[in-house]
Structures are given as structure tokens and as C-alpha cells.
Amino acid sequence: MLKAGIIGLGKMGLSHAAIVAPHRDVDLVAVCDTSSLILDGIKKFTGIKVYDDYRKMIDSETLDFVIVATPTKFHFPMVKFALEKGIHTFCEKPFSLSIKEGEEMVSLAERNNLVNQVGYHNHFIGTFRELRRLIKNGILGDLVHFTGEAYGPVVTKPKGGTWRSDPGEGGGCLFDYASHVINLIQEIIGRPVSAQGAQLKRIYSRDVEDAVYSLLKLESGLSGILSVNWSDETYRKMSTSITVIGKKGKIICDATELKIYLKEPDSTEKLDRGWTIKYITDLAIPVDFYLRGEEYSAQIDNFVHHVIERKPTEINTFRQALETDRVMEIIMTESKR
Amino acid sequence: MDKVLFGDNQFFAVNHLSDEKSRAQAIRFKDDSAIIRVLDQAIEEGISTFMCTTHDRIANICEYMRNNPDKYRGFKIYPGMPYAHKYANAVTELGIIGTIKQYVPGNIFSTFAKGGMAYLSKDFLKLMEILIDAEMKMFKGISTPVIFIQNVIVDMILGLKAYDAFKAFDEYIRKKYNAEPGYITMNMPALLDALNSIGINNPIICTSINKIGFRMSGGREIYEKYLREKEFRPIAMQVLAAGALKPREAIEYLGNFPKIESVVFGASSKGHIRETKELIEKYL
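First to last, the sequence lines map onto chains A and B.
End of the first sequence sits at 336 in numbering that gives the first Met the number 0; the numbers just go up one at a time, nothing left out.
End of the second sequence sits at 283 in numbering that gives the first Met the number 0; the numbers just go up one at a time, nothing left out.
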């Protein structure tokens with residue numbers, strides 16, 4: 000059994016705790032947060048040990064891995080502390096507010112051969128995984144254009160609030176919502192290297208952007224559109240989609256279905272000419288425990304598996320997440336021009 | 000419980016197979032009258048239980064029912080609480096404490112006069128009761144013989160092994176609402192074991208049951224074993240696996256498990272309601 004600790008018990012930290020605690024290969028021994036309300040609740044209702052200082056938790060417990068799920072600005076000191084103690088680390092997204100600090104975390108993890116993963120959970124949704132496979136196999140031929148989108152109802156009225164409305168702590172639609180889409184574009188289609196125009200728009204928030212629009216250019220020369228808005232109440236929850244257009248056809252992919260249009264049949268993929276729809280029911284990754292989506296459990300399964308095997312994961316590494324941070328920096332710089 | 004329970008996902012743009020279809024549903028059910036029309040069709044087909052989440056718009060439907068008592072005589076609602084996305088979106092924006100402040104009715108500091116939040120931290124179960132009462136307000140005067148907690152909360156409590164929360168929910172629902180507590184879950188075998196371990200026996204559990212194993216955590220085999228061997232009162236949901244299965248094969252499969260007491264399904268047309276109801280009555 001691996002011994003695990005969780006730092007930060009907000010929405011994601013609690014969700015991770017509920018997934019890690021029943022995991023067959025893991026013993027969740029301790030959690031850490033600064034809210035006495037949350038810690039009291041954990042202490043009262045679960046057998047998990049609580050700490051209000053992550054250093055104390057890491058020093059007092061013998062942990063195989065930690066999950067860091069605090070506001071982004073705290074990732075660096077916490078991740079660094081864990082890595083220096085030789086502890087495998089799963090960190091929530093976005094990875095870091097500073098490229099320099101991000102680089103330091105990457106090199107520290109890689110130098111110490113520690114398993115490192117970031118919570119870009121969309122890669123564990125069957126439809127996006129299938130999209131990646133199809134694109135890598137070149138099913139669409141030469142690519143022409145892409146669109147990456149995410150919409151949802153997070154801020155739909157004027158009001159301030161928590162760290163998510165504080166740009167200094169990693170709040171805002173770019174860090175919270177758009178990072179997911181950028182990461183999908185980067186890992187499925189190709190790495191964005193420049194932005195030819197970027198808009199960070201405030202709609203209801205006072206201090207952060209509520210929408211991100213940009214034209215991104217990839218390493219390959221391909222360009223496409225990023226369109227993200229977390230103030231769109233026509234969506235019941237966050238809805239993320241990627242559309243890729245190539246010379247041989249087009250694919251529209253979201254968390255529920257993959258719509259493939261081919262100009263000619265593809266015999267290796269057994270796909271007809273015209274539209275084929277693949278559904279999540281056939282593509283979902285099986286999990287032992289389900290909370291809010293298979294992807295949240297599947298990403299922990301992947302991380303735990305690699306910790307047990309002591310080999311680096313290929314999905315959602317710190318290095319990949321740092322690339323996403325770089326793209327966000329490019330977008331921020333471009334938006335100020 | 001009735002064999003056939005009418006669900007509400009179709010009214011609130013919940014479609015696990017297609018975001019496009021959910022938008023079409025949102026457009027179709029923009030007005031409450033459109034929801035009431037379909038509910039009335041379900042009643043005409045002989046359905047007398049509506050299982051629904053505590054979505055804001057359900058309050059309007061309840062108001063309509065209260066104003067038309069003759070039309071809805073004998074009609075029951077099984078509420079499922081809370082409407083999770085309301086809280087999930089609020090937590091993203093406001094944090095956990097901010098969300099509690101927003102949704103606990105009245106001023107939290109006056110609700111917990113003795114020391115506000117500090118007092119609150121000692122009394123989570125009181126907080127739970129206040130939140131249940133807030134969610135139940137909309138059903139005043141309507142028969143709610145079974146009251147469910149939604150899967151996100153059930154599975155969160157289950158994962159954290161905070162089983163005392165189940166016990167408190169169970170006792171409060173029986174005592175205050177004179178109703179049977181129910182549990183919606185994506186992890187049926189683990190939940191049943193957990194409930195049994197704290198002395199909650201033969202519980203009502205609403206869970207995904209379908210022949211392709213969709214949203215049946217741990218796999219279909221263990222679900223089937225529990226359905227054959229364990230003592231509980233299952234309600235089957237997601238029987239069509241979000242539309243991946245045809246109604247006949249889907250419901251025929253449920254017929255293998257005589258223990259299943261009810262099936263909850265949503266439909267938007269009279270034809271679909273009739274077809275599904277007839278299949279359930281035939282095979283169950």
C-alpha cells in the first residue's frame with residue numbers, strides 16, 4: 000500500500016481525497032488545509048489525520064506521494080518541499096504562475112526521478128483520448144485549422160470573491176478554464192508557439208478576465224482559434240470541445256461524443272465516408288470508484304500505477320503543464336499589446 | 000414504490016450522450032408550461048411518481064401542483080438533493096465557506112447565534128439539517144415519501160468514509176419528513192457495504208444498471224452479484240446507458256434481477272413514455 004497525503008481541501012482537494020481514500024493501492028494517511036472548519040469536519044467524520052502545515056505533515060508522516068490542490072501561487076513552495084524530500088507529486092492545474100519556478104519544479108522532479116503529474120483530467124476522458132489517437136494517426140491528412148472552446152457558468156453576476164478572482168493568486172478564466180483547452184490543443188494537435196492577437200475580456204469580474212479569445216499559431220505552422228468564456232450561463236456546467244479540420248475531413252470532439260466526417264472511407268479505422276459518431280459509452284475508461292466523472296479516478300489510477308512502477312508517466316507531466324503555462328504567458332503578453 | 004418513476008433530466012438539459020441534444024432540450028423546456036405538459040402526459044399514461052432534483056425550476060412546478068390539487072391528487076415526488084451543479088459552480092467561484100454563506104438561509108451568524116462559524120464547525124450535522132430544510136421548502140404540501148441525496152454527495156461521503164453523515168441523513172429524513180431516505184450512487188456495491196456497516200439495512204439505492212456496464216463502477220459483474228445476493232431496494236437508472244441501448248434490450252436485461260423495484264427514466268414524448276412504461280411493466 001502506498002501512503003498518501005493531500006495538501007489543500009478545496010473543491011479539487013476534497014474530490015481527490017474521496018477518490019484516493021477508497022483506492023485499493025493507497026492509504027490516505029493525512030490531509031492538510033488552513034481552514035479549521037474543513038479540518039474539524041475531516042477529523043470528526045473520517046479517520047484521516049489532519050495538519051494545518053504541509054511541512055509538518057510531510058516531515059511527520061512517511062508519504063510515498065502527495066497531491067497539491069492549493070491555489071496556484073502556493074504550488075511552487077509546496078511542490079518543491081515535497082520533491083526535495085523525495086516524494087512523488089501530483090499537482091493541480093494550472094501548474095505555476097512563474098515560468099522560472101515551473102522550470103525549477105520540472106528539473107527537480109526529473110533529476111530526482113520522481114513521478115510527476117498535473118491534473119489536466121480531460122486527457123482521461125475517452126473521447127479526447129480517441130481524438131488524440133486519430134489525429135496522431137493522421138486520419139484527417141494535412142491539418143488546416145482548429146478551434147478549442149470551453150464555456151460555462153462560473154461568474155454570471157458582478158461580484159468579487161476568492162482567490163479565483165485574484166489574478167495574483169492564479170484566478171481568472173485564462174488560468175482556470177482556458178488552461179484546460181490550451182493543454183488539450185498542445186497535446187492533441189501541437190504546441191502553440193505564438194499568439195496572433197489575444198483578448199482577455201472582463202464581463203462581470205472586477206479584477207480578472209471572464210473570457211479569453213486568441214488566434215494561436217503552432218510549432219507546425221498550423222493556426223487556430225481559442226475561444227473560452229466562463230460567464231456563459233447557457234451552459235449547465237463546463238463544456239469543453241475541440242474541432243480539427245484537415246484536408247481529408249473534420250472531427251468535432253467534446254466530453255460526450257466524437258463526430259467524425261471523412262471525405263473518403265478509412266479502411267484501417269473502419270470508418271465510412273461522411274459522418275460517424277463515437278459515443279463516450281464506448282470510450283469511457285473503466286474505474287473502480289466514480290466521483291463526478293471517470294476521468295478524475297482514471298488520472299489518479301495512472302499516477303498511482305506509475306508511482307508503484309517507479310517510472311515516469313507520459314500523460315500530464317510537469318513538463319507538459321509548464322508548456323501550457325508558457326502559452327498562457329504568450330497570450331497575456333499578446334493581450335497587452 | 001411504483002415500478003415506473005418519471006425522471007427529470009430531459010427537462011434540465013442533462014444528456015450524457017450529447018451536448019447538442021442537451022441544448023435542444025433547454026430550448027424546448029424553456030417555459031415551465033412545457034415541463035408541465037409532459038408531466039401531464041406521463042400522468043395520463045398512468046405514472047404517479049416524479050423523481051426530480053431540487054433545481055430552482057422545480058419550485059415553480061410544485062407551486063403549480065399546489066394550485067391544482069385535484070389534478071395532482073395522489074401524485075408523489077421523490078426529491079433528490081442537492082442540485083449539484085448549483086453548488087459546484089458556486090464553490091469554484093466562492094470557495095466552500097463562501098458557498099455555505101450563500102446557500103444557508105438567513106444570516107449564518109444569526110442562524111448560529113452562539114459564535115457563528117466557530118460554533119458551526121462543531122455542528123456539521125445541524126448545518127446539514129438546515130441545508131436539507133432549505134432544499135425541501137419547495138415541496139411543502141406535496142407528498143414526498145422518498146427523499147434522496149444525489150450521487151455527488153453520496154459518493155463524496157462514501158469515498159471519505161464519513162459514514163456518520165449517512166446515519167444522520169437517514170435519521171433526519173425519517174424523523175422530520177416521515178419519509179424513507181434514498182441514496183443515488185455511481186458506486187452501488189461499495190455504498191451498500193458502507194450502509195450495512197453502520198446498521199442501515201435494506202436501503203433504497205438508485206444506481207446505474209445497464210447491460211453494457213456504463214457508469215457501473217467496479218464493473219458489471221459485481222453489480223449483478225449484489226443484485227442477486229444482497230438485501231436492498233434497487234431503483235435502476237441510466238438503463239438505456241445514455242441512449243446507447245435500445246429500450247427493449249435495455250429493459251429486458253433488468254428483468255434478470257427480480258429484486259429491482261423500480262426504474263426511473265426520462266422521456267419528452269407521449270409515445271416514448273408509453274413504450275418505456277409498457278416495457279417496464281412487461282419485464283419487471
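If you are wondering where the hints come from, they were derived from the structure by calculation, not from laboratory data.
Source: prediction; values computed, not measured.
One or more hints might be untrue.
So these bits of chain A aren't anywhere near chain B, every CB distance computed over 10 Å [claimed, not checked]:
1) T61
2) Y260
3) D287
4) E333
Computed, partial: chain B to chain A, Cβ under 10 Å [what the hints assert, rightly or not]:
5) F11
6) I35
7) I95
8) S216
Glycine residues also receive a C-beta, built at the ideal position from the N, C-alpha and C atoms.
Right, here's what the structure says about each hint:
| no. | hint | result |
| --- | --- | --- |
| 1 | T61 | 21 Å, holds |
| 2 | Y260 | 15 Å, holds |
| 3 | D287 | 5 Å, violated |
| 4 | E333 | 26 Å, holds |
| 5 | F11 | 7 Å, holds |
| 6 | I35 | 21 Å, violated |
| 7 | I95 | 6 Å, holds |
| 8 | S216 | 4 Å, holds |
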